[in-house]
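Student: Line order of the protein sequences matches chains A and B.
Just so you know, we're using full-length UniProt numbering here: the first sequence kicks off at 1 and counts up by one.
Just so you know, we're using full-length UniProt numbering here: the second sequence kicks off at 1 and counts up by one.
Honestly, the hints are just simulated from the structure, not real lab data.
Quantities reported herein were computed from a predicted structural model and do not represent experimental measurements.
Even for Gly, the Cβ is constructed at its ideal location relative to N, Cα and C.
Just so you know, not all the hints are guaranteed correct.
Some but not every residue of chain B turned toward chain A, in silico, with C-beta under 7 Å [unchecked claim]:
{"#": "1", "residue": "F176"}
{"#": "2", "residue": "L182"}
{"#": "3", "residue": "P197"}
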Amino acid sequence: MSEQKHVLEIRDVAVHFGGNGGLFGKTGAVVKAVNGVTLDIVRGETVALVGESGCGKSTLSNTIVGLQQPVAGSVKIGGEEVVGADRKKLNDIRRKVQMIFQDPALSLDPRSTIGATIGEPLIVRGVAKGKALKERVGALLQQVGLRPEHADRYPHQFSGGQRQRVVIARALALEPDLVICDEPVSALDVSVRAQILNLLVALQKRTGVSYLFVSHDLGVVRHICDRVVVMYLGRFVEIADRDTFFANPKHPYTKALMSAVPEADPEVQRSKERLILGGELPSPAMIPSGCAFHTRCPLATEICGRERPELTVRDDGARVACHHA
Amino acid sequence: MNNALLTTRLRRVPISVMIVCLILTIIVVLAILAPYVAPVDPSKQNLLGRLKPPGFERGGITYWFGTDDLGRDLLSRTLYGAGVSLGVASLSVVVSTLVGVTLGMVAGWFRGAVEIVIMRLVDIMMSIPAILLAVLTVAVLGPGFLKLVLVLGLTRWPRYTRVAYAQTLQVANLPFIKASELAGAGAARILFRHILPNIAGPILIVATAEFGLMILMEAGLSFLGLGIQPPAASWGAIMSVGREYIERAWWIVAFPGACLFLLVFSVNVLGDWLRDQLDPRSRSR
């Protein structure tokens, strides 16, 4: 029954864009946004997915909720296959997985009251209506630190942090097993970030929900995650438990990300060894041969351009895809 | 509580909108009551009293708006014509909005083959002159009030489709639509609960602009003998006759024209205000 503990199982998922299709045949190079990734998330766990813009983080999260079809691989939520599921099946599965988006201003319908927004999943799935619905919405609002009487207000009457609370309430309305947080605090003021993060942690303690936390802010990741996955050009390059990850990053790309995090203490900041990567992120339409990172890697040797390193387990349990680290 | 809310909201209605509503109400009421308020039969000809200026008196009746080329009372004709013009314009706007907006939203939401079929159909419709299409339809169906509404409604929908389609494309990519999908909402719910309210503003603008145009289209078709059949009156028909006599009898064009101006202006002001009201952001701060 160990299968049941996994709320999410991703196996060799690949998502490509373009290539064939289009009215006039081939429309150019295939963009390989996600290129064979495997990941499990257990109940109550928070997994961070980090990487720079364009590495495939958002594509992967869209694939998990079935908004994007992969070209290969399998995505199972609570043991049920998302890939190739029909509409009805997909709707059943989506009961268990919800999403929190980056910009709370855009993730709430400006023409709906927040009560209607939070209640929508409950109405369309016939969970509650009328008075019961009102009570559920009120309870959800209270759970995220708002008041039940806020239900009649419109999104523009709230601050950014409050709006993100509303988004969280909607995501939790169906009591999902997994919530994908797509950079949930990066659009917020620093002062309210901690509040939202603490709210997410508190809700996890109460409900046992798992989070897939997409972010590029390692400071945030360190604060709330159990495990960290680093993604580069559609592949995972390092997977490690949080403490291992921050104490002993191995992949040169991870090290570069770490050295880019500013320190609050100027003394520490000045003495910090900066590992600055040269060049730009290569286009996912033309991924370098071998190790995708070898074009920017300080450790790269001849083998890196030839052979792609697989994720291998290291002494401390971290899995790293690198020939040299 | 709710009543108090309503009164505070009413108090915030600007004076211009109140005036415009008053004008619209007067026009509509007069159009409905035309048979009772019109001083004489609008079709009664009087060849001795042709092209008489406003204020002309004959047989104890004062012709406040003057008479037309057949000596018919312009005031009565304008009153009777109001109903026709209002009816044709508003009904055809409703028909074309319903058809156009639905097709536009469907094309923008489902994309793919549906989108190609609908949008190419729009291109085809836009490339045929509306008048030509109207002439063709009337030639097949024959003239008449409801047919006129149908013809105007079914030739004007592509404009709404274009606007609705473009707006839908824009809104459909916003995260809150994605969130609704994840919540389990079906296409109908997303289209009518989330997309429609968010694209209603630009559509309302098109509809108010089209409203005035519809009255003129009706006039044009009536002028060509394809719309309202004489001797029945419509503002367009009166004006198209008056055009011939504009040097000798300005009043034939002037009175229905002024009414038309008031109507279209009022509808535009009201539409503008309504569009703002549709947006909760401008309703309460």
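Student: Give me the numbers of the hints this structure contradicts, sorted from smallest to largest.
Tutor: none
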